[in-house]
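2 protein chains.
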Amino acid sequence: MTIFSDNLAKMREHALSIFQAGLKAVEPGAAIRRYCRPEGETLFIKNIPYDLSRFRKLFLIGAGKASAPMAKALEDMVGEKIAGGIVNVKYGHVDELRRVRLSEGGHPVPDENGEKGAQAIYNLVKQARKDDLILCVISGGGSALLPLPFRGITLKDKQDTANVLLACGATIHEINAIRKHMSVLKGGGLAQAAAPAALVSLILSDVVGDDTDVIASGPTVPDTSTFRDCLAILEKYKIADRVPASVLRHIREGRAGNVPETPKKGARIFDNTQNVIIGNNADAIIAAKQKAETLGYTSLILSSMIEGETKHIAKVHSAIAREVLKTGHPVPAPACILSGGETTVTITGKGLGGRNQEFALWAASDIAGRENIVVFSGGTDGNDGPTDAAGAVADNCTVERARAIGVEPVQFLSNNDSYHFFEKLGDLLITGPTNTNVMDIRIMLVV
Amino acid sequence: MTIFSDNLAKMREHALSIFQAGLKAVEPGAAIRRYCRPEGETLFIKNIPYDLSRFRKLFLIGAGKASAPMAKALEDMVGEKIAGGIVNVKYGHVDELRRVRLSEGGHPVPDENGEKGAQAIYNLVKQARKDDLILCVISGGGSALLPLPFRGITLKDKQDTANVLLACGATIHEINAIRKHMSVLKGGGLAQAAAPAALVSLILSDVVGDDTDVIASGPTVPDTSTFRDCLAILEKYKIADRVPASVLRHIREGRAGNVPETPKKGARIFDNTQNVIIGNNADAIIAAKQKAETLGYTSLILSSMIEGETKHIAKVHSAIAREVLKTGHPVPAPACILSGGETTVTITGKGLGGRNQEFALWAASDIAGRENIVVFSGGTDGNDGPTDAAGAVADNCTVERARAIGVEPVQFLSNNDSYHFFEKLGDLLITGPTNTNVMDIRIMLVV
Numbered sequence: 001m002t003i004f005s006d007n008l009a010k011m012r013e014h015a016l017s018i019f020q021a022g023l024k025a026v027e028p029g030a031a032i033r034r035y036c037r038p039e040g041e042t043l044f045i046k047n048i049p050y051d052l053s054r055f056r057k058l059f060l061i062g063a064g065k066a067s068a069p070m071a072k073a074l075e076d077m078v079g080e081k082i083a084g085g086i087v088n089v090k091y092g093h094v095d096e097l098r099r100v101r102l103s104e105g106g107h108p109v110p111d112e113n114g115e116k117g118a119q120a121i122y123n124l125v126k127q128a129r130k131d132d133l134i135l136c137v138i139s140g141g142g143s144a145l146l147p148l149p150f151r152g153i154t155l156k157d158k159q160d161t162a163n164v165l166l167a168c169g170a171t172i173h174e175i176n177a178i179r180k181h182m183s184v185l186k187g188g189g190l191a192q193a194a195a196p197a198a199l200v201s202l203i204l205s206d207v208v209g210d211d212t213d214v215i216a217s218g219p220t221v222p223d224t225s226t227f228r229d230c231l232a233i234l235e236k237y238k239i240a241d242r243v244p245a246s247v248l249r250h251i252r253e254g255r256a257g258n259v260p261e262t263p264k265k266g267a268r269i270f271d272n273t274q275n276v277i278i279g280n281n282a283d284a285i286i287a288a289k290q291k292a293e294t295l296g297y298t299s300l301i302l303s304s305m306i307e308g309e310t311k312h313i314a315k316v317h318s319a320i321a322r323e324v325l326k327t328g329h330p331v332p333a334p335a336c337i338l339s340g341g342e343t344t345v346t347i348t349g350k351g352l353g354g355r356n357q358e359f360a361l362w363a364a365s366d367i368a369g370r371e372n373i374v375v376f377s378g379g380t381d382g383n384d385g386p387t388d389a390a391g392a393v394a395d396n397c398t399v400e401r402a403r404a405i406g407v408e409p410v411q412f413l414s415n416n417d418s419y420h421f422f423e424k425l426g427d428l429l430i431t432g433p434t435n436t437n438v439m440d441i442r443i444m445l446v447v
Numbered sequence: 001m002t003i004f005s006d007n008l009a010k011m012r013e014h015a016l017s018i019f020q021a022g023l024k025a026v027e028p029g030a031a032i033r034r035y036c037r038p039e040g041e042t043l044f045i046k047n048i049p050y051d052l053s054r055f056r057k058l059f060l061i062g063a064g065k066a067s068a069p070m071a072k073a074l075e076d077m078v079g080e081k082i083a084g085g086i087v088n089v090k091y092g093h094v095d096e097l098r099r100v101r102l103s104e105g106g107h108p109v110p111d112e113n114g115e116k117g118a119q120a121i122y123n124l125v126k127q128a129r130k131d132d133l134i135l136c137v138i139s140g141g142g143s144a145l146l147p148l149p150f151r152g153i154t155l156k157d158k159q160d161t162a163n164v165l166l167a168c169g170a171t172i173h174e175i176n177a178i179r180k181h182m183s184v185l186k187g188g189g190l191a192q193a194a195a196p197a198a199l200v201s202l203i204l205s206d207v208v209g210d211d212t213d214v215i216a217s218g219p220t221v222p223d224t225s226t227f228r229d230c231l232a233i234l235e236k237y238k239i240a241d242r243v244p245a246s247v248l249r250h251i252r253e254g255r256a257g258n259v260p261e262t263p264k265k266g267a268r269i270f271d272n273t274q275n276v277i278i279g280n281n282a283d284a285i286i287a288a289k290q291k292a293e294t295l296g297y298t299s300l301i302l303s304s305m306i307e308g309e310t311k312h313i314a315k316v317h318s319a320i321a322r323e324v325l326k327t328g329h330p331v332p333a334p335a336c337i338l339s340g341g342e343t344t345v346t347i348t349g350k351g352l353g354g355r356n357q358e359f360a361l362w363a364a365s366d367i368a369g370r371e372n373i374v375v376f377s378g379g380t381d382g383n384d385g386p387t388d389a390a391g392a393v394a395d396n397c398t399v400e401r402a403r404a405i406g407v408e409p410v411q412f413l414s415n416n417d418s419y420h421f422f423e424k425l426g427d428l429l430i431t432g433p434t435n436t437n438v439m440d441i442r443i444m445l446v447v
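So the protein sequences, as listed, match chains S and G.
Take the first sequence: its position 8, counted from the start at 1, is 8 in my numbering, and no numbers get skipped.
Take the second sequence: its position 259, counted from the start at 1, is 259 in my numbering, and no numbers get skipped.
Just so you know, these hints were derived from the structure itself, not from any lab.
Ideal Cβ positions, reconstructed from N, Cα and C, are used throughout, including at glycine.
A couple of the hints might just be wrong.
Stated by the list, open to error - Now the in silico label distances, taken between C-beta atoms and shown as ranges:
no.: 1; chain 1: G; residue 1: Q290; chain 2: S; residue 2: G92; range: 53 to 59 Å
no.: 2; chain 1: S; residue 1: E371; chain 2: G; residue 2: E235; range: 42 to 48 Å
no.: 3; chain 1: S; residue 1: G92; chain 2: G; residue 2: E423; range: 41 to 47 Å
no.: 4; chain 1: S; residue 1: Y91; chain 2: G; residue 2: G209; range: 46 to 52 Å
no.: 5; chain 1: S; residue 1: K264; chain 2: G; residue 2: S414; range: 27 to 33 Å
What the hints assert, rightly or not - Using 16 Å as the maximum straight-line C-alpha spacing, the simulated EDC-like pairs for lysine to aspartate or glutamate come out as follows:
no.: 6; chain 1: S; residue 1: K326; chain 2: G; residue 2: D211
no.: 7; chain 1: S; residue 1: K326; chain 2: G; residue 2: D210
no.: 8; chain 1: S; residue 1: K424; chain 2: S; residue 2: E400
no.: 9; chain 1: G; residue 1: K326; chain 2: S; residue 2: D211
no.: 10; chain 1: G; residue 1: K57; chain 2: G; residue 2: E27
no.: 11; chain 1: G; residue 1: K81; chain 2: G; residue 2: D132
no.: 12; chain 1: G; residue 1: K326; chain 2: S; residue 2: D210
no.: 13; chain 1: G; residue 1: K81; chain 2: G; residue 2: E41
no.: 14; chain 1: S; residue 1: K130; chain 2: S; residue 2: D51
no.: 15; chain 1: S; residue 1: K81; chain 2: S; residue 2: D51
no.: 16; chain 1: S; residue 1: K238; chain 2: S; residue 2: E174
no.: 17; chain 1: G; residue 1: K350; chain 2: G; residue 2: D417
Stated by the list, open to error - According to the in silico footprint, chain S covers these stretches of chain G (three or more CB under 8 Å from chain S):
no.: 18; segment: 297-303
no.: 19; segment: 306-316
no.: 20; segment: 321-327
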């Protein structure tokens with residue numbers, strides 16, 4: 001058996017170029033340009049015309065890891081119209097803007113600089129008038145980058161609360177409910193502060209299903225949770241005496257009606273608010289599919305919304321690869337099967353890795369010794385788990401190559417140590433920060 | 001919202017008829033007829049001609065839950081040529097045969113009658129000569145229905161050994177290795193007893209990937225495991241002192257070379273043996289796909305080899321349904337997504353259910369409240385887990401209908417009680433025994 005055939009080497013190159021085509025489609029500037037188009041005095045956003053001459057002032061705000069290039073693309077289109085703006089970004093995620101100030105802050109742990117930036121955005125939108133237009137750019141990480149807790153609650157209180165919730169096994173929806181009720185800007189708070197000005201939020205989605213109330217904790221989107229829910233969550237997990245006193249007090253006051261609820265669907269403050277998804281995982285994998293087709297692969301998108309335990313998701317993918325080889329279903333070889341979304345890993349070991357690397361390693365085990373199959377999995381933000389890799393690439397010879405150098409896949413899998421497995425094989429995908437984030441892209445080539 | 005729209009009712013009917021089309025393709029007689037064709041004195045098996053006039057005698061043997069109708073179909077083709085035969089079937093799984101004796105025995109727990117039948121088959125093939133032809137029909141359950149332990153080992157010893165192996169967490173491959181080394185007929189033993197007669201084994205596959213050495217413990221297939229492996233397994237799980245003394249003694253004697261190994265690949269005894277898969281899950285879902293297409297659905301087979309934890313497999317399926325609705329990938333609506341194989345359920349509750357019913361319930365939760373989606377999952381043998389149902393059907397309104405009668409899906413899921421959930425809704429799939437078994441068929445219709 002050829003340990004590393006020319007064919008596999010070429011397929012690996014193809015997989016990388018297919019991934020890069022996906023990334024390119026969701027580069028934040030490209031995403032903005034796909035949905036926004038200036039024409040004279042008019043800015044078309046998803047074909048809805050905004051006649052900028054009808055507004056007194058145009059502001060540009062936002063938050064998120066990809067928000068600097070999003071703001072840059074808008075500034076390039078309508079820069080001379082922008083009266084001012086502030087966009088909160090992660091340290092180092094900057095760009096050269098002329099009209100808009102980029103304010104750097106901590107991520108994923110929010111810090112004082114983030115709070116200063118959030119306060120500045122709040123102050124800016126509070127002065128906006130009914131005849132003003134606010135463009136808002138939102139992307140993943142926008143929640144940590146818009147930290148403005150209610151009076152009496154500190155950033156540390158918020159962080160402590162999040163830690164208690166994580167430790168007790170609360171769901172992400174429960175955590176978000178409480179997070180939104182501690183914060184001035186989350187859960188529709190930013191839209192509330194901006195009203196009655198017109199607000200258009202351009203959102204790069206990093207969540208499965210593109211739920212706008214989840215992305216960056218939905219600062220411009222009606223909230224579905226209530227103070228009542230928050231109190232029920234504290235009771236459900238019996239953690240009322242473990243969250244900071246300031247948080248418990250705020251939630252109880254809210255439940256008693258002494259603090260206003262987060263704004264809900266149908267509230268007047270949303271009358272002038274539009275939320276527009278301008279980039280998501282589907283955009284990336286559709287572009288990846290087009291690239292795969294130009295390379296000669298019969299291509300199929302399974303879903304951009306794949307969730308679940310990585311091991312089992314890998315099993316499904318390898319079952320599909322084996323079916324391609326056996327019966328030519330779901331598509332005949334040479335085939336490219338694409339999927340997106342974000343899987344989870346239940347960690348039981350002490351190794352280093354991420355969901356993409358672990359996916360590649362499980363798949364490698366499932367396809368070992370079969371015909372030519374390449375499996376590629378990468379995070380579009382260039383960041384897979386707590387590693388400097390975005391993901392990894394594997395093929396039907398990976399297990400054999402590993403064993404030839406004394407590396408046993410099962411041991412690395414059981415220790416959740418996919419990073420060191422692929423490091424030893426030279427098969428890590430290292431991209432560095434990509435400045436975008438629409439979750440993961442998985443590519444499977446079967447020849 | 002319509003609780004149970006006309007559209008959904010029609011889609012449910014469609015799902016059932018698609019399932020039935022799949023079943024029909026793997027009805028054991030139909031499967032035999034697809035691959036076997038008599039022409040004058042010649043029997044074509046997968047287009048290989050067997051000139052029956054060249055053989056002194058023709059025997060027909062076999063074992064498995066579907067083996068009676070398989071034998072019947074062959075008898076209908078070449079009955080007057082058959083000199084005699086014995087086929088071991090499960091109690092009640094009988095048919096009217098003229099030349100072949102059906103011997104009933106215990107399944108899934110083998111019993112004395114099964115052993116008598118196995119001994120009779122052994123005696124029959126031992127008398128066969130080089131110029132004889134033995135046709136052998138094998139299907140799922142054939143392992144329990146061919147119980148012939150080596151001298152000194154009782155059926156109870158075998159059963160006790162299986163229980164110890166299951167309890168210690170041994171893999172199915174490890175259990176099979178030991179099972180084959182305790183048995184005269186498994187792991188190629190039947191082929192060995194039949195040599196030097198010509199032997200053609202016609203196999204209905206009930207295992208993922210159709211590995212012939214796994215189906216019915218591969219009575220006519222070279223074994224890949226050794227006595228050395230068996231001893232290593234006992235040591236690995238530290239169970240040498242927990243398996244019956246007779247079994248330990250046999251394995252040690254085998255390891256010492258005092259008992260012959262199971263026959264291996266390349267052994268002369270296989271020179272006149274052919275193993276032919278005459279029906280499998282892929283056959284069923286390909287036929288199901290054809291039916292779905294005649295009903296107007298754009299249809300796609302994911303894979304006939306889906307394994308993994310049911311909950312996560314359901315997540316993947318519902319993610320695909322949602323993608324169909326959102327972007328028209330992998331195929332546009334009206335879409336039929338098909339998959340096969342056999343998933344697992346890690347049981348933590350005390351309820352009643354099976355992998356197909358649990359699949360339908362997880363999927364129901366994932367698709368609740370969305371557009372028209374019907375999810376149908378059924379075992380082709382008519383038997384899902386320890387229930388009288390083959391599976392269940394669910395749709396996007398299932399959760400709402402359940403709550404309307406005070407039935408909370410999450411409670412039934414956490415108690416692994418999918419049977420009672422669907423019983424209350426009247427959504428169980430009850431087929432009774434189908435006399436075939438090619439694992440499960442999952443059908444998802446999205447309109």
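Practice prompt. Please flag the earlier hints that this structure goes against, numbers listed from lowest up.
Written response: 2, 3, 10
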